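Build out the structure end to end from the sequences listed, making use of the hints.
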Amino acid sequence: MKGNDTKQFYITTTLPYVNSDPHIGFAMEIIRADVIARYKRLLGNDVFFNTGTDEHGAKIYENAVKEGVEVQAYVDGYAEKFKELTKILNIQDVRFIRTTDEKHVKAAQEMWKRCYDNGYIYKKTYQTKYCVGCELTKTDSELDHGKCPIHPNREIELIDEENYFFKFSEFQKPLLEFYQSHPDFVVPDFRYNEIKAFVERGLEDFSISRLKEKMPWGVPVPNDACDKGDENSHVMYVWFDALTSYVSTLGWPNGDDFTKYWAQDGNDNRKVIQYCGKDNLRQQSAMWQAMLMASGLPNSSQIIIDGFITSGGQKMSKSVGNVISPFDVIEMFKEVTDYPEDVLRFVLLHDISSFEDGDITIEGIKESYQAHLANGIGNLTSRIMKMATSNEVRSKEQEVSSKVEIVDFDLNHSLKKIIEEISSIDEYIATNEPFKVVKVDEVKGKEMIVHCLSSLELVANRLALYLPNTSAKIIECIRENKMPEKPLFGRLS
RNA sequence: AGCGGGGUAGAGUAGAGGUAACUCACGAGGCUCAUAACCUCGGGACACAGGUUCGAUUCCUGUCCCCGCAACCA
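Numbering (my numbering), first residue to last: 5 to 497.
Derived by calculation from the structure, the hints in this document are not laboratory data.
One or more of the hints may lead you astray.
[Claimed, not checked] Capping the alpha-carbon separation at 27 Å, the derived lysine-lysine pairs in DSSO-like fashion look like this: (1) K127 x K117; (2) K85 x K63; (3) K490 x K400; (4) K117 x K264; (5) K127 x K177; (6) K216 x K70; (7) K171 x K216; (8) K450 x K477; (9) K63 x K128; (10) K218 x K110; (11) K107 x K171; (12) K127 x K171; (13) K218 x K117; (14) K128 x K216; (15) K370 x K421; (16) K177 x K282; (17) K110 x K264; (18) K319 x K420; (19) K490 x K477; (20) K443 x K400; (21) K200 x K177; (22) K420 x K490; (23) K282 x K322; (24) K486 x K443; (25) K110 x K128.
[What the hints assert, rightly or not] Listed next, with one range per pair, are the computed distances between beta-carbon atoms: (26) L180 x P488: 53 to 59 Å; (27) G317 x E88: 28 to 34 Å; (28) R45 x G316: 33 to 39 Å.
Quick caveat, the model's predicted, so the values are computed rather than measured.
We put the beta carbon where it would ideally sit given N, CA and C, even for glycine.
Below you can see the structure in the form of structure tokens.
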């Protein structure tokens, strides 16, 4: 990922399933995608950045029924929450697709038709064991004493019906060949190895429809592409529908955006990047890729897999009481800073490894805030601007250096490098004492202060991807030669 | 043999075949431009056992332990 290697750049998060409030893990995913999107824009790329909500399926239907609300109203409420999340996180210029959007429904049906016409969808009667928790049919080998090992508290449903199936099994070879020829298709490498091993073990066709009478909340299977007599009797399996959102957001099968942004084979000018959590490895890097192959569309360029976030060494859960909501973190810092969203962005980007699991606690967030934002960049800005304003030293005009580099999507590493520079500027001030020198040798002292201003501006520029508002504020202070009206990041009481 | 990740100072994390780094906490100095901030110095660590190697904490093998892939979940 360096230089102007691409012209069009497409990046998407997964679409979170709207059966609960926005998770901080998703906040991390979209923040990371946002940093990459900003980076690519800075390099002059034409970026299409997508997110949205996944709104169909049995679990959502069940939840809405349980709460006694219209399903549409139920998903509308969640869609608003997730839209709100993109706003408070300062996610820049992102498209938002909902799988209940009309254009998405049409696209999912078109995807189905193409797979069907190409011979990859067939009908069969079968009896199967279905776990509602996983939204997956289970083979006997996948069950543990008749229970889903993943959802032992849910009863396995025995389904004896005629369903449509996707010929996943036919894609073992094509997928393996694809992985072989694209060794960086999945990042990090250990996830690449994992999916390769999974496909090597063999693939089974999976059911991609549900009887409407049992579960009506889904995209109707297009009847003109399928056998008569089947009219409106099936809806799509939620994964088949949801995965299509990555192209429906581009207006596929119509629209210029699709031809413009979705990677074409052999066209190095385009990149299609998908961010997702590690639970999505199979869906994104195997199922979805097989669907693309089946419908004759180009594959994605790269899948970036995030780790999970625990809190206090444990999975966040309401019963344990260690859930940290992105909204709450931002709320918590509103009193001490005008940039609470940057606090959350900072913590998620700086304190969590780019690809491994990470841990977050309220105490840890506060510690990181105090060390790096309040005592670090915030204090540094104050001390330098104080010297500059009281000695009337203006910064030199400086070409906006885009001396930022992100290698292999390792945002954590890149941000840490920038933070290290803050410390070295503090050290410069302590060692050279410009505040003292300026009193005895004005010219020399002012030169030193100018040097500090330049260094600060460089750091601020490099922080722009990560902490956009903070960065802009610092640059504003330098340009207008003024102190921040109040500390950038006030001390916690 | 289910899949995958991990065990590094008191705590949380980096890192890498050859002086083990950072944040917090702790001890001793310094500075006064700054948000009781900042700088310097110091104490203190690579789970265990084999192997490969001139040399491993890093690579390999085994053992022990922890975590995720379940539930409200990305």
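Hints, one by one, checked against the model:
Between K127 and K117, the direct Cα distance comes to roughly 14 Å. Compliance with the 27 Å bound is thereby established for this hinted pair. Proximity of K85 to K63 is assessed by CA-CA distance (about 18 Å); at most 27 Å being required, the pair is judged to hold. For a cut-off of 27 Å, the pair hint linking K490 to K400 stands: about 24 Å separates their Cα positions. A distance of roughly 23 Å separates the Cα atoms of K117 and K264; the hinted pair therefore holds under the 27 Å criterion.
Using a Cα cut-off of 27 Å, the hinted pair K127 and K177 holds, with the two alpha carbons roughly 23 Å apart. For the hint pairing K216 with K70, the CA-to-CA distance comes to about 19 Å; that is within 27 Å, so the pair holds. The hinted pair formed by K171 and K216 meets the criterion: a straight-line CA distance of about 22 Å does not exceed 27 Å. Simply put, K450 and K477 have alpha-carbon atoms about 23 Å apart, close enough for the 27 Å limit, and the pair holds.
For the proposed pair K63 and K128, the alpha carbon gap of about 25 Å is at most 27 Å, so the pair holds. Between the alpha carbons of K218 and K110 the distance comes to roughly 22 Å, so the proposed pair stays at or under 27 Å and holds. Under the criterion of a C-alpha separation no larger than 27 Å, the hint pairing K107 with K171 is consistent with the structure, at around 26 Å. For the given pair, K127 sits about 10 Å from K171 by alpha-carbon distance, which is consistent with the 27 Å threshold.
Proximity of K218 to K117 is assessed by CA-CA distance (about 23 Å); at most 27 Å being required, the pair is judged to hold. Restraint check for K128 and K216: satisfied, since their Cα atoms lie roughly 16 Å apart, inside the 27 Å limit. Using a Cα cut-off of 27 Å, the hinted pair K370 and K421 holds, with the two alpha carbons roughly 21 Å apart. Taken as a hint, the K177 and K282 pair is honoured in the structure, with Cα atoms around 23 Å apart against an allowance of 27 Å.
Restraint check for K110 and K264: satisfied, since their Cα atoms lie roughly 20 Å apart, inside the 27 Å limit. Taking the CA atoms of K319 and K420, the gap is near 26 Å; set against the 27 Å cutoff, the hint holds. Among the hinted pairs, K490 with K477 is consistent with the structure: their alpha-carbon atoms are about 11 Å apart, no more than 27 Å. Between K443 and K400 the alpha-carbon distance is near 21 Å, which keeps this suggested pair within the 27 Å criterion.
For the hint pairing K200 with K177, the CA-to-CA distance comes to about 11 Å; that is within 27 Å, so the pair holds. For a cut-off of 27 Å, the pair hint linking K420 to K490 stands: about 26 Å separates their Cα positions. Taking the CA atoms of K282 and K322, the gap is about 21 Å. The hint holds against a cut of 27 Å. A distance of roughly 21 Å separates the Cα atoms of K486 and K443; the hinted pair therefore holds under the 27 Å criterion.
At most 27 Å may separate the alpha-carbon atoms for a hinted pair to count; K110 and K128 meet this at roughly 25 Å. Here the CB-CB span from L180 to P488 is close to 56 Å, well matched to the stated 53 to 59 Å. Between G317 and E88 the beta carbon distance is about 30 Å. The supplied range of 28 to 34 Å therefore holds. Hint check: R45 to G316, Cβ distance near 37 Å, so the stated range 33 to 39 Å holds.
Hint compliance for this structure: every hint is met.
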